[in-house]
Structure formats: structure tokens, C-alpha cells
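Chemist: Could you fit the two chains together into a complex? Lean on the hints.
Chains as they are written, first to last, in this note's numbering: chain A, 1 to 275; chain B, 1001 to 1305.
A couple of the hints might just be wrong.
[Claimed, not checked] Here are a few chain A residues that sit away from chain B, every Cβ distance over 12 Å (derived from the structure): (1) N26; (2) K27; (3) S118; (4) S196; (5) K200; (6) F248; (7) D252; (8) E264.
[Claimed, not checked] DEER-style ranges, computed between Cβ atoms: (9) B:A1254 with A:D252: 22 to 30 Å; (10) A:S196 with B:N1109: 21 to 29 Å; (11) A:P61 with B:V1047: 42 to 50 Å; (12) A:D190 with B:N1028: 37 to 45 Å.
Note that these hints are calculated values from the structure, not bench results.
A virtual CB, placed ideally from N, CA and C, is assigned to each residue, including glycine.
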Amino acid sequence: MKGLKKSDNLEHTARHIRGELVKISNKANTPHLGSSLSCVEILVAAYWGVLNIDPQKPDAPDRDRLIFSKGHAATTLYLTLNMKGLMSNETLATYAKPGGILPEHPIYRSAPGIEATSGSLGHGLPLGLGIAVAARIHKIDYRVYVVMSDGECNEGSVWEAAMLAPAQGLENLAVIVDCNQWQATGRSKDITGISSLKGKFEAFGWSSCDIDGHDVNALVEVLQKVPDGSGKPVAVIAHTIKGKGVSFMEDDNNWHYRIPNEEEVKKALTEMGLL
Amino acid sequence: MRAAFADEIEKLAAEDNRIVLLSGDIGNRMFDTFKEKFPDCFYNCGVAEANMTGMAAGMALCGLRPVTYTITAFNTARVLEQIRLDVCLQNLPVIIVGVGGGLSYASLNATHHALEDIAFLRVLPNMTVICPGDAWEVRAALRAAFEIDGPVYIRMAKKNEPLVHSGMPDFSIGKGLIVKQGTDICFLNAGSLLPIAMDAADILLEKGISVQVISMHTVKPLDKTLLLDVFSKFSHVFTLEEHSILGGFGGSVAEWLSDQRGLRARLTRIGTQDKFMTEAGKQDHAREFFGISKERIVERVVQKL
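Just chain B, with the same shape it has in the complex (with noise of 0.2 Å):
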């Protein structure tokens, strides 16, 4: 998703020259061409964010369309002041980027892990939180956050992602989009799980299940048209994510529907659960650990129905 956002992001400045891009010491040679192009819109505020995001508010008091971009759990938890008073209370576009959204560091420890940041970041008011499935999404959202007169959060993975989509999809901020049909089930899909959740729908298929899946890349505002049709229509709806299920996007669809009366199905939150991982591991091996790897959210569904 990375090099998608840094292709992406140039594209758009060399459209835009209210856009500045500012890096946390971090997307080594990743931003060569930007910098080239854009010298005077790129800024490494070095390993300092709690500035950087600051800094970048101030751009934006002044017109200008500041990005933020670092590794997703210094963007967010450890710059929660920042982005509420600097950002959000003073309602200013900037765009929050996260890299290495949920597990895609898991072998750095839990440091690198972002688990609750979309959390943090969804309750703030005037925020927008988008979780991109694929790279193609990434894509999308960045542009669409553009046309936003106020905060974004974009929360990415980080490399070599499978592709989901075939092309730039009709994304619209606050509308999911139904990447896979079926008529038993349905998953909502908020952010980097989105070929594991299209994985497991393939096997359940192959068991008899008929899975629908829908990218729910933005986690607020919550599709809410989407969401009555699903709870309507299908017997069980399982959000998948890959943070934890206190609080994400599996929580704000729990608070919406406690909301609503007689809907037919029933919820399942599948995410990451209440604890730090400390172990050593990779990404597949962190999603085992976690119960959220293809195979455990087969087993989970099959059990649940």
C-alpha cells in the first residue's frame, strides 16, 4: 500500500500545490521523486511527531493541505493531543496517514502494533477514519480525503499486499463497497484484511457457505444505508478487522446496532482480542496468534452458525 500512497501522493501534488507531504523520519528513498519534483513540499520533521503534527495544522491555518505520514502507532496513539486539539478542535484538513496499520510490523514488537487506533482516533469529532482494503483503495481514499475541508485519518498496511480490486474503484468516502456477492452470510470488511476475509470466503464456499463481502473502508462515517440492508437481509454479519474488537470498527457497529430494533442478523466481531503480543513473529504468524489468519475465521464462522 506504501508505494501505492507514494505514487499516488505525487500524482496529486503535481494537481494540487496546496499539498506538503511530512515525514516522520521515515519511507526511506520511497519519497526520492517527490522530493525532486516537490522540493519545497516535503518536510522530514524528523522522529519528532507531536511537532510534525502540529506543524502541519499550522499549514493548514494558512491554506495549505498538509499529510502526515509515519508508522500508524506514532501517528495516532502517541500524538492523540495533537490530533485532537492541533487538528480536530481547530477542524483543519490535514491527513493523518498511518503506515503499518494493525500487524504489518509484527515482528517489531508490540511497539510497531496498531490495535486500537482506530479507537482513539474515531471518537474525536470532525474526523473522518478510512481503513483501505488494497492498494487500489489507497489510491481512492487519498484522493477523495482531498476533497474533504476537514480532519482524515487513512490507516494503510504496508507492502505487497494482494490486490482486491482490478482498478481504481467508485470509491466514495462513507459508501462500502461490495467486492464479492453471496447470499448466506455477509462480512464487513474494515481495512487490511480484505484478502484474508476474500480467502475465507472462497473456502467457506467450497463448504457451502455463500459469504458476501464488503469492504467498509471508512469506519466513520458508517455506512448506515449499507449496514440496515445487511442486517436485513442476511441471517449473521461478521466484521473483520485487524485491530481489536474493543472500540474498532466491529465496536462501532455494535453501538449502531443496539440502536436498532428488529433487524434479523446477528453480529459477530472477529479482530484482535484484549492483550499485547509480546512474542517474537511475523505478520502470519501474529494474525495466528490473534485468531484472525484465514483459517481461524473459517473455524470461528463455521462454529458461529
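Isolated chain A, as found in the complex (with noise of 0.2 Å):
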């Protein structure tokens, strides 16, 4: 699975995932839309470029690790695992409906590639801390990559796991902050006066970038560049825009908890050129 594919075949299948979960959230009725929406490159340069993950074999010991921390985006990874051919359609039809094994936060292993359980903020760093360890105990040469949200950034434990990392010296654990600069209710400079998660990871011992988060193939470089050659774990800020793709969401928080009515379904995938 490593290897770039074309960029124009990657924008299709973000484009395609952000018509999905458009719809996913009008019909299951579910919020966190802008959420989804500002992550869908991340997960598809990693799914589709980086990571090393055979749907086959979704359990193997040496497979890549994605941790879903910021699990309030869960349709996001749901559809990106279903495009992958890790999740069936039939699985993902379920979503959300009463007795399913799909809710709107993820549960470990409720589907093959669902590597954690996630929905309280700030849990995904110190686990996948712990899988990039075990790598190293166990002598295989796996990475780890930790998906978190800019707001999750306010709790004390992604710190408490930034500091021991680079101790550790585990230059195989990456995480990428999807730094769309919203939490739920408000500007996330606003809430905490965090200017710079790059330097504020550098000052931990990572080595950091800040980076484009809706270009595919920028983060395709940059996350297989995972060992780096510093020593040094590594943290990836994209620089994304809440509700990216949907004119009348973007950089709107509302769509934190607003849910689209069906006119709005038709008028983003037409704006998406999937009408």
C-alpha cells in the first residue's frame, strides 16, 4: 500500500468521502460534521498513501497503527475504512442505528481497523505511546500515527504523553493534529491562547512541521517520512479549515452540532459536482 497514487485519484476519493458523510450525518442524524469534514485528507494520505495496512490481513503484528483520537469524526474513519475495503457496506449501513456495532464514537475492534476506542479527548497519544513501545519491545518495525484535533490539545494527558515520547526516543509514533482551529464552542486560540502547537511540540522534543492539511499529496510526503532520522517522534500540525468543502460550513462552527436538512444534502453535493 505504500507508494503515492495519483493526486487527481486521491481528491477524487476525499471529494467522494465528504459527499458521503454529508449525507451520513442528514440521514443518521448525527452532529460533528465540520469535525469530519477538516480531517478527510489526513485519513486518506495516510490510508491511501502511507500507511501499511493489508485489508487482508487487518490484525497482522507488523501492519501500520492509525489511532482515531478525535473520535467525535468517526464517520470519517468509518468511510475511509469501507473505501478501503476494511469495513463492508452492509457493516457501515448500520451506522448509528439502534443495536448496531457503529456508534457515533468508535469502539476497538467493533470493525477490522478500529485500532482504539476513542470519544473522551486526549486518550489516543498515551495508547498509541504504548503501541510504538510495544514495536520496539517486540523488534518490529511498525508505525504509529495518532490522529487528534487542535481542541484535544487542551488536555493535560496529550502532554503528559508528549513529554515521555521523545524520552523514549520512539521515533516510529507520529501524531497529526487536525488543527482546524475550532473547539466546540469557540476559537481554540480563544480558549487557550495556544499559538503554536509546533512550537510547543518542538519545545516537548518532537520534531514538528506545519503543514496544509487539505493537501493529499504534502501529507502523503510527510507522513511516510515516519522514522524522520531525527530520533525523534513526530508531530504533524495540519493547518485545515472546520466543515472543508461545503461553502456555507466552512469555518462556521455551527456545524460542530448543526445537522444538514436535505436541501442542504443537494445543495453541497452540488456544489461538490456529485449531483
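Modeler: What follows is the structure, given as C-alpha cells:
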């Protein structure tokens, strides 16, 4: 699975996932659409361009791991796993249905490819750190990618893990922060005053970079370079737009909770050229 | 108990290369030989217990058998969400070991007292809760915990506690151990008060009251067969624990009892009351403060009968 695919294919994949995200939010009547739309390219880049995961062997011990810590954007993960052949259409169709295996936040091993339970923020990086240490203990050469939100970086447990990972020299560990500059009720910088996540991670001993989080090729390039040769874990600050891809949702935090009606779904799909 | 833990975990690590020990910057010198023998299996995670617990869960996701070790108050209440979600919800075989349960660190202030931890952890689905009564039970509990494919909490005291057993007991998780035969009343003890329970039973015998003492080292799952037996046989059953009477071992027995009908025994829960101790004093003083010294326990029993 390693190796770049043609960028137009990946952009098409991202557009398709966006369309499905809008539809699924309406159909299942579930929120967090803005957060789901902002991390599409991150997952597309990871699953199509970076991660060594064989859909036929989703539990292979040497597979790369992606820990999806911003669990509120679960639909992006579910749709990605579906398109990668890790989740059947039948399973996906049960999303958020009573008695189904796919709640609005992911549950560990409810379907192949879901590497951890998430929903409460600040848990993914410590889990990923443990998985990265296990690689070293087992002498297996896999990589661990943790997808977090910038709002999630409010949690103290993120920084507990951020301190230990460089001390352990975990160069097989990377975080990708979906930095859409919004959290549930306001601008991230107005709530905690964090100005530069790159600077914060660097100060904690990480190798860090800022990147356009909607540029699939750039994401693939930087994520493929883990380990990056510095001996440090890698923090990729992916600058994104909440609600990306739908003009009337972009950078409008109302779409953290709002659910599109039928008319809005049509408008969004038309804009994306999917109708 | 902690020396027994350090010794036993070292023996176990030699038998099972999946074992990893995570410390929250505690256990100074105690794990030196462990570190020397198994350098890849020891992690000092710093004063960062939430990360330590999540990290242990991540290791367990990869087939390792992690043990987290630090002061009880910090390895339970402080990281309750990590235990609940990372460990219990994902049903992972992480062993959480609290050192200094109850009033072991009494002199350090209520910040270091652990009098609510059993209550917090026993209500978590998938969790097994073990409170060893002496150093032998620590060794046996640790061995048994590795046989369980799920979360286990082991609540230890600290150091130099009197031994009750003379060797490795015939220990099974969820099965109480009769450590003293008696005919009039029964002490069901969970954890570090076991030597006190034995002393109190001796004093009561001199007063003509024969006490059966049972080490109920496993608070969850409860040994319901044994409970049915003692509540049928004795007129009065006392639960003993170095923990609040709210929600702990006594609380769990009371819950069980409320679902029973026609049993003979009355239940009295002996433990700490619903308050903090903010005054200075070592463990003996704190046990007096909360009425769980052997003298106060004897008084309470005599008063109740």
C-alpha cells in the first residue's frame, strides 16, 4: 500500500468521502459534521498513501497503526475504512442504528481497522505511545499515527505523553493534529491561548512541521517520512478548515452540532459536483 | 507487601516475557534488579499517571502484560477515566497495582490516603478487584492476576506488615480463605486490616467470643457461595476494611445481602467513616482516628453483640 497514487485519484476519493459525510449526517441525524469534513485528506493520505495495512490481514502484528483519537469525527474513519475494503457496506449501513456496532464514536475492534476506542479526548496519544513502545519490545518495524484535534490538545494527558515519547526516543510515533482552529464552543486560540502547536511540540522534544492539511500529496510526503531520521517522534500540524468542502459550512462552527437538512445536502453535493 | 511484590514480579518476568512494569516515578531502588535483568521491560513513566495508564493499555493492545505501579491514590482516583475507558471498556489485561492502600501513608496527609479506591474501581465493568491481606497473598494475587485475560486491580498496603499466612496460600481469585476457625461470629476481612482482624479475634476469644476470620481478598467478584454459608451459619458477620464503609467491600456485601431472604446473620460494616482526616499522625493514629484499630474493633463488636 506504500507509494503515491495519482493525486487526482486521491482528491476524487476525498471528494467522495465528503459527499458521503454530508449524506450520512443527514440520514443518521448525527452531529460533528464540521470536524469530520476537516480531517478527510488526513485519513485519505494516511490510508491510501502511507499506512502499511493489508485489508485481508487487518490484525497482522507488523501493520502500521492509526489511532483515531478525535472520535467525534468517527464517520470519516468509518467511510475511509469502508472505501479501503476494511468495512463492508452492510456494516457501514448500520451506523448509529440502535443495536448496531458503529456508535457515533468508535469502539475498539467493533470492525476491522478500528484500533482503539475513542470519544473522550486525550486518550489516543498515550495509547499510541504504548503501541510504539511495544513495537520496540517486539522488535517489529511498524509505525503508529495518532490523529488528534487541536481542541483535544487542551487535555493534560496529551502533554504527559508528549513529554515521555521523546524521552523514549520513539521515532516510530507520529501525531497528526487536525488543526481547524475551532473547538466545540469557540476559537481554539481564544480558549487556551495556544498560538503555535508546532512550537509546543518542538519544545517538548518532537520533530514538528506545519502543513496544509488539505494537501494530500504534502501529507503523504511528510507522513511517509516517519521515522524522519532525527530520532524523535514526529508532530504534523495539519492546518485545516472546519467544514472544508462545503462553502456554507467552511469555518462556521455552528456545524460542530448542526445537522444538514435535505435541501442543504443537495446544495452541498451540487457544489462538490456529486449530483 | 511492596517488597513481596517487587520480588514476585521479578520471578514472574523471568517466566513470561510479555510482562512489562510501569512505574509512576516510585519504587526507588526496589526494582533495581528487575531493571538490570529486564531492561526493556521497565518504564519509569514519570509523575504522569494518566499517560502511564493509557500507555499500559496501548501495550496490552499489542499482546504485552503491563503492570502499572504507583501510590494507590494516584493509580486509582487520579486516573479513573483512563482505567474506565482505556483499560476496562477495551477489556485489556492491565494489572493496576496500588501501593499504600488505606492509611499506609497516613502521615502524608489525606492527599495520600486511599479510602475510596475500592468503591471507584469495583463499579467498573470487566474489572477484578483484589485486596491482599498479607505479603503472601500479594504474591499469590499477582500470579493469579496474570491468569486473567482482563483488567485487575491489586490494592496493597506498604511495608513490614505482619504475616498471617506461613507460605503461599491456596489462592483462587473470587474464593475467600478461612484463616482462623471460630464458632460465634465471623469477620470478613478485605485487605490490609487482616493482621488487625486476627489480633482482635484473639482478644475477643479471651472474652469468650469465638471469631472465624476469613480473608475475602477478592472484593469483585464476591465469593457468594462463602457469603451464603457464613450468613447462614453465624449470628453476626462483620466486614473489615481499611476503606470507607461507603461503597467498598462492606458496601458490596450489603448490596448482596439486600437481595437475600431468610439469612440468619446481621451485618455490621467496619471501616472508615465518610470524612477526611486532615490532622497529623502515622497509621496507628489514623486507625484510632477512624475506629479501626484492634482495640476499637473489639469495642465495636462487644457493643454490637
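Chemist: Compare the structure with each hint and give your call.
Modeler: Status of each hint after checking the structure:
1. Distance check on N26 (chain A): its Cβ is at least 29 Å (rounded) from any Cβ of chain B, clearing the 12 Å threshold; non-interface status holds.
2. With a least beta-carbon separation of about 27 Å from chain B, K27 (chain A) lies farther than 12 Å from that chain, consistent with its non-interface assignment.
3. The Cβ of S118 (chain A) sits about 9 Å from the closest Cβ of chain B, inside the 12 Å cut-off, so the non-interface label is violated.
4. Residue-level check passed: S196 (chain A) sits 22 Å from the nearest beta carbon of chain B, beyond 12 Å.
5. No beta-carbon of chain B is positioned within 12 Å of the beta-carbon of K200 (chain A); the least distance is around 16 Å.
6. For F248 (chain A), the condition that its CB be more than 12 Å from all CB atoms of chain B holds, with the nearest at approximately 35 Å.
7. Residue placement check: D252 (chain A) keeps its beta carbon more than 12 Å from all beta carbons of chain B (closest about 31 Å).
8. Residue-level check passed: E264 (chain A) sits 34 Å from the nearest beta carbon of chain B, beyond 12 Å.
9. A beta carbon spacing of about 54 Å between A1254 (chain B) and D252 (chain A) contradicts the range 22 to 30 Å that was offered as a hint.
10. Between S196 (chain A) and N1109 (chain B) the beta carbon distance is about 39 Å. The supplied range of 21 to 29 Å is therefore violated.
11. Range check, P61 (chain A) to V1047 (chain B): about 32 Å between beta-carbon atoms, so the 42 to 50 Å window is missed.
12. Between D190 (chain A) and N1028 (chain B) the CB atoms are about 44 Å apart, so this pair conforms to the stated range of 37 to 45 Å.
Going through the hint list in order, the structure does not satisfy hints 3, 9, 10, 11.
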